[in-house]
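K.L.:
So the chains spell out like this:
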Amino acid sequence: MKTDKGKTYFHIVQAQYRKNKLALAGFYMVFFLFFIALVADFLANDKPILCKYDGNYYSPVLKEYFVKIGVTKWQPFFLNVDWKELNFDSVIWAPVPFRPSNLDFGSRFKPPGVNRHILGTDQLGRDVLSGMIHGTRIALLVGFVSMSIAILIGVILGALAGYLGGIVDIIIQRMIEIMITIPTFFLIITVVAFYPQGGIWMIMVVIGVTGWTAIARYTRAEFLKTRNQDFVTAAIALGYSNIRTIFKHVLPNAVAPVMVSAAFGIASAILTESSLSFLGFGVSATTVSWGSILSVARGATYAWWLAVFPGLAIFISVTTYNLVGEGLRDALDPRLK
Amino acid sequence: MRDYVLKRFLLMFPTLFFITVISFFISRMAPGDPAELKAGVSQGGEMSTGKGSDLNEQIVQLIRKQWNLDKPIFYFTFMEDQDDMNPRSFFSRLTFRWNGAQNQYHIWTSNLLKLDFGNSFRDNQPVIEKLKDRVPVTLLLSTISVFLSYLIAIPIGIYSAVKSNSVFERISTFIVFMLYSLPSFWVGIMLIIFFGGGDFFDVFPYAGLHSNTFNSMTAFEQFKDVSWHIALPVMVMTYGSFAYLSRQMRTGMLEIIRQDYIRTARAKGLSERVVIYKHALRNSIIPILTILAGLLPYLIGGSVIIETIFSIPGMGSLGFEAITGRDYPIVMAVFTISAVLTLVGILLSDLMYSLVDPRITFEKSTR
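Heads up: the protein sequence lines correspond to chains A and B, in order. 1 is the number of the first residue of the first sequence in the numbering used here; add one for each residue after it. 1001 is the number of the first residue of the second sequence in the numbering used here; add one for each residue after it.
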């Protein structure tokens, strides 16, 4: 029989996590979504990925990055052109040859398959598939930035409450109670509607600032558990500062529960952002997000493709992060071994 | 026990105070002058300050006075207002000035204690009257959906826990998990598109609570008409809470049937039916019942998204309309009511715990 000798805690958790096939699928799905967000410009773009023009090779998609950061300028013959009209010697287009911002009034509300729009178009003739590919970026950005804010607030407050105790603990406990009691979704809509100039960053901040309570509670509980253990006493006896003891010695114990609630938090942040765009708040009218495509379907109930596909994208990514969260929770639970 | 309830009750007030302050500030600090908005004066700045705008200016002043907008917002001011004519830096505006009781927050709170939420900013109607119109609608939908979801969730939860590792358990757990992650607004839109007035199956109406001819119907027809209208929204409201509840039921049941007293019950030869329904069920149903108290804000506050999608004139859509219309008194009322309901719900569920489970007491424990 093999023993656990030589196995670190991480290896045990990893092995436990791998047993859950659905959670493992969720884990790979996270990478897949990241990959799409990363290469969105190469998957859906009106510019060619690679082209031969006048005997020279160019990569307009790559070039655009450099133009954006101001390193180079467009060649004069590429400036303000309709890429589809150019006479290339040879060309490799992106798989989806549209940007989400490309308006095409000739093909408005077209069902899937018409005019090379694989998943159809919206009321301005924008390609739905392209919007969905680029929408992955917004969804992941909102999920990760807002959860980073929540983790930052939650971990610091939870650590202080659990480690210092006393009056600090009481104050932070009250803050958590206030946050739980406030109708969060209503608060988020209110702030986003009343301060529209904040745009997508406002959404991330508000979701983060309202979403830290679970993380703070888990961190606090973990600190309460470890506060009186020998290694903490040793750290204090060695004369380490409070900050060093908290962050270097106690905090690593709280990483696991924080990760679990962060995974669920990302799922709910993606959901919140898409509901906000669905209700017409948040992202500006020119930005295309999953929720904003869905909101068009509200006014055009025959355009089923505007509801089915972006909704599916939201559903898949929310499920992905829920699966990961659940898999992590089960893997970290010593009772289920 | 009485001391505990009293203590918890008193602790609600500081929490409520902070919540009203937070929501008050979010409402009042929002860009755009509410008085100008109400007077219908354009916010173009230059355009409205030209000649002939004296009347506008007077109207705005009048509205400010009428709605107490000329008074300071809070008991003290720590930041001077930015003057558009000569902008000042952040630090030079920092001050501290005590304003006394004649401030907007104080007036609002003292009215609140008399259960007066003020008047709607839009149509000058008392907010409380609007609430009286809207609450029954939401209550109707949410009680039906909560009842239905308990009705479905409890047997499924029990069955999938008892028959764990069976095919049924795997399928039901998977379906429930999927339902749990389905965004409600997506399901709502899909139901409207495919079953309500879209190009597919025109089975259900997609908006509203009853038909135009409602008043000329008999009681039975009215009942049929309303049920027909609320079928889709109730469906959407039910599946989410059903998924959540049956997961809770399942985990509760799984935990209970591993306990020693269940093994004892089996060992002394009780039938499986008695073991499950008499011994295990009673304990495993406790968490599910306490969730009911936590649903209080949802029962009365409703769901913003579902009510908006289906154009149901309930509390959720009232809040949504208030936000889009910048109707501050209603926004404040919605915040306060949901906060109170949440606090009461948390307290009730804690108390229910100790009522149904004698192992839990509040006497010694210091939470």
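No wet-lab data here; the hints were simulated from the structure. Everything numeric in this text was worked out from a predicted model, so none of it was measured. You may find that some hints are simply not true.
To be verified - With a cut-off of at most 30 Å between alpha-carbon atoms, the simulated BS3-like pairs for lysine-lysine come out as follows:
no. : chain 1 : residue 1 : chain 2 : residue 2
1   : A       : Lys7      : A       : Lys248
2   : B       : Lys1163   : A       : Lys19
3   : A       : Lys225    : B       : Lys1163
4   : A       : Lys21     : B       : Lys1163
5   : A       : Lys21     : A       : Lys7
6   : B       : Lys1071   : B       : Lys1007
7   : B       : Lys1007   : B       : Lys1065
Said to hold, decoys possible - Covered stretches of chain A, going by a simulated chain B footprint (3 or more residues, C-beta under 8 Å):
no. : stretch
8   : 180-194
9   : 262-276
10  : 291-298
For each residue, glycine too, the CB sits at the ideal point set by N, CA and C.
K.L.:
If a hint holds in the structure, say so; if it doesn't, say that too.
P.N.:
Cross-check of the supplied hints:
1. Lys7/A - Lys248/A: holds, 22 Å
2. Lys1163/B - Lys19/A: Holds, at roughly 21 Å.
3. Lys225/A - Lys1163/B: Measuring from Cα to Cα gives roughly 36 Å; hence the hint is violated.
4. Lys21/A - Lys1163/B: Since the Cα atoms of Lys21/A and Lys1163/B sit roughly 21 Å apart, the hinted pair holds (cutoff 30 Å).
5. Lys21/A - Lys7/A: With a Cα-Cα distance of about 22 Å, the restraint between Lys21/A and Lys7/A holds, given a limit of 30 Å.
6. Lys1071/B - Lys1007/B: Measuring from Cα to Cα gives roughly 35 Å; hence the hint is violated.
7. Lys1007/B - Lys1065/B: At roughly 40 Å apart (the allowed maximum being 30 Å), Lys1065/B and Lys1007/B break the hint.
8. 180-194: holds (count 12)
9. 262-276: Coverage by chain B holds for the stretch 262-276 of chain A (4 residues, Cβ < 8 Å).
10. 291-298: holds (count 3)
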